[in-house]
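Chain D: place on chain X using the hints.
If you're matching them up, the sequences are chains X and D in order.
So the first sequence is numbered by full-length UniProt numbering: it starts at 1 and just counts up by one.
So the second sequence is numbered by full-length UniProt numbering: it starts at 1 and just counts up by one.
Everything labelled a hint here was simulated from the structure, so no lab data went into it.
Please note: incorrect hints may appear among the correct ones.
Pairs of lysine to aspartate or glutamate, EDC-like flavour, derived with a Cα cap of 20 Å [said to hold, decoys possible]: (1) D:K102 - X:D86; (2) X:K57 - X:D38; (3) X:K12 - D:E101; (4) X:K87 - D:E104; (5) X:K4 - D:E510; (6) D:K99 - X:D86; (7) D:K98 - X:E88; (8) D:K177 - D:D245; (9) D:K102 - X:E8; (10) X:K4 - D:E101; (11) D:K102 - X:E6; (12) X:K4 - D:E104; (13) D:K102 - X:E80; (14) X:K18 - D:D128; (15) X:K18 - D:E118; (16) D:K99 - X:E9; (17) D:K363 - D:E525; (18) X:K87 - D:D103; (19) D:K98 - X:E29; (20) D:K99 - X:E29; (21) D:K122 - X:E9; (22) D:K122 - X:D64; (23) D:K98 - X:E6; (24) X:K78 - D:E132; (25) D:K99 - X:E8; (26) D:K98 - X:E8; (27) D:K102 - X:E29; (28) X:K77 - D:E132; (29) D:K363 - D:E510; (30) D:K102 - D:D84; (31) X:K77 - D:E204; (32) D:K83 - X:E29; (33) D:K99 - X:E88.
What you are looking at is a predicted structure, and each value in this text was computed from that prediction instead of being measured.
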Amino acid sequence: MIRKTEVEETLKRIQSHKGVIGTMVVNAEGIPIRTTLDNSTTVQYAGLLHQLTIKAKSTIRDIDPQNDLTFLRIRSKKHEIMVAPDKEYLLIVIQNPCE
Amino acid sequence: MEIVYVYLKKRSEFGKQCNFSDRPADLNIDIPPNPELAAQYVERNPVDMGIQCSVSMSEHEANTERFEMETRGVNHVEGGWPKDVNSLELEQTIRFRKKVEKDENYINAIVQLGSIMEHCIKQNNAIDIYQEYFNDEEEVEVTDEASSAKTINVFRDPQEIKRTATHLSWHPDGNRKLAVAYSCLDFQRAPAGMSHESYIWDLENPNRPEMALKPSSPLVTLEYNPKDSHVILGGCYNGQIACWDTRKGSLVAELSTIEFSHRDPVYGSIWLQSKTGTECFSASTDGQPTKFMVGTEQGIVISCNRKAKTSAEKIVCTFSGHHGPIYALQRNPFYPKNFLTVGDWTARIWSEDSRESSIMWTKYHMAHLTDGAWSPVRPAVFFTTKTDGTLDIWDFVFKQSDPALSLKVCDEALYCLRVQDNGCLIACGSQQGTTTLLEVSSGLSTVQRNEKNIAFSIFERETRREKILEARQKEMRLKEKGKTEGKDDDQKDKELATNLEEMVAKAEQEFFDIIFTELKKKEAEAMEKKAKPQKKQSLEMDEEVEEDNTGEEEGGDEEKSA
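Isolated chain X (complex conformation):
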């Protein structure tokens, strides 16, 4: 219970960083547990990024079975999408890197 505040603090801290547009936590089934964006956007991100993460993970493992995916960053014209994968959950952050 005490640790629950740690989670809150962590997520709040992440959201308050400069340039961060949205933060979301999604479970393996694509259900958004916590999100700062609206539901439909979150579900869309969740579904698409989940597949991409699995593909990236299998790519790394195929090349070297001892290796594993720790982080995935997608830089697009408008912003950067960062995905931190876990066994059951995905932490997704969308940031607008300032120039």
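Chain D only, in chain X's frame:
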């Protein structure tokens, strides 16, 4: 063992003529088989050898009909909720979420992931890895790169009965869309069942048009409104003008009534830069010019004043010089006093100051020119299209007698041409309804140093030259007037009449002579190429060609003075 045979000849006999004679065969060396060598080899029995007894086949590739594919995604609106949770019920979902958040795994995972994530976020904020360091430096000009253009995309008319692409218009913002008007320009020969539709294409998808515009009669011309990018103006074959709003759909939003429309097909229309953004001009062949600058079918360009009160004042001045209808007319975007006209077999550049003739013109081509446009980026570059399917890019700072680049775009005639605002992409429409998109090399689409000044000085120089010529001609005419005024009128008339006939006959004769010598010259050139290995003949041809050249030059001079 060396096998040697020696030929003997006396020194005194060197250089003597050979006398060949027959003689029977002579055995020089006989090498019998040596059985001891066979001991070095082992006999093999049985011998395995593969033989294939099958049909011989070859590999071929064939291109099949295009298979239309469409990518579609499925959008999941809700995640995979477990069976006992009804996703629509807010309470149940909240309860589920709270349950997950209490899970030990969840807490650990989030804390750990959070720290990794923070590291990356801070990294992003610290340094921008995509920063441009050398933005201030100007691009080094690579002038020795040969200019080129390549085809990027081809849009074909999806209808069965092919129609000519008569007009193109780029979308004003972002230039990702192209509107093409299709119609059949042959007089009264539009085949039955031909669709009236015109299309808007998205550059990313050449297989299917993005939207179809359905007028009541085929559209000859089509323009986007530069202020409001959703509005398109179209001129129909039957003379009406129609207006579309792309947001509303493919049916006509507004249509001009039959009484107020032109009687002939509307050939050109442009949007006027007015404050309300809703005014437009249209021009047609039935002689009701409301456009500011009109090119007519007789080859005359009329410059009109819209603000004039009486219709007499409307026509300010006329420029004549083309032998056939004017197909394109456009002002130079950098120097509006100079404009380009395209008609019959040449393209001409005019200046508003010199009314008698154009200040610069291209040579006469073998095919009709159908459309022309200035490059919006470079003041000295313009493009023309011809009925033999070639696109010419002219750069008169670089070369004045020939196009800087000439490309064969397709086999059928090209009817219209449009340059995108950045000067890089050109779209041209052909007789079969195929629109080709070309990208021009950067040498032709980036402004060169001093180009504006050079182009301006070229225009000035040519304008001055024309003015001087005009002044001289006026002088000569005045002199002649002074001379002939003293003569008898009848005599003058008769003389003039006979002179006219003679002159016409003479002009015809000269004209045919020139054409003849040109053709001969071309034939001679072709034959010269074939007969190159035979040097003697080519020398003769050269002489012939030289003669033809001099003959042609004389003819040219005569024509100019006449």
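Hint check, failures only
2, 5, 13 and 22
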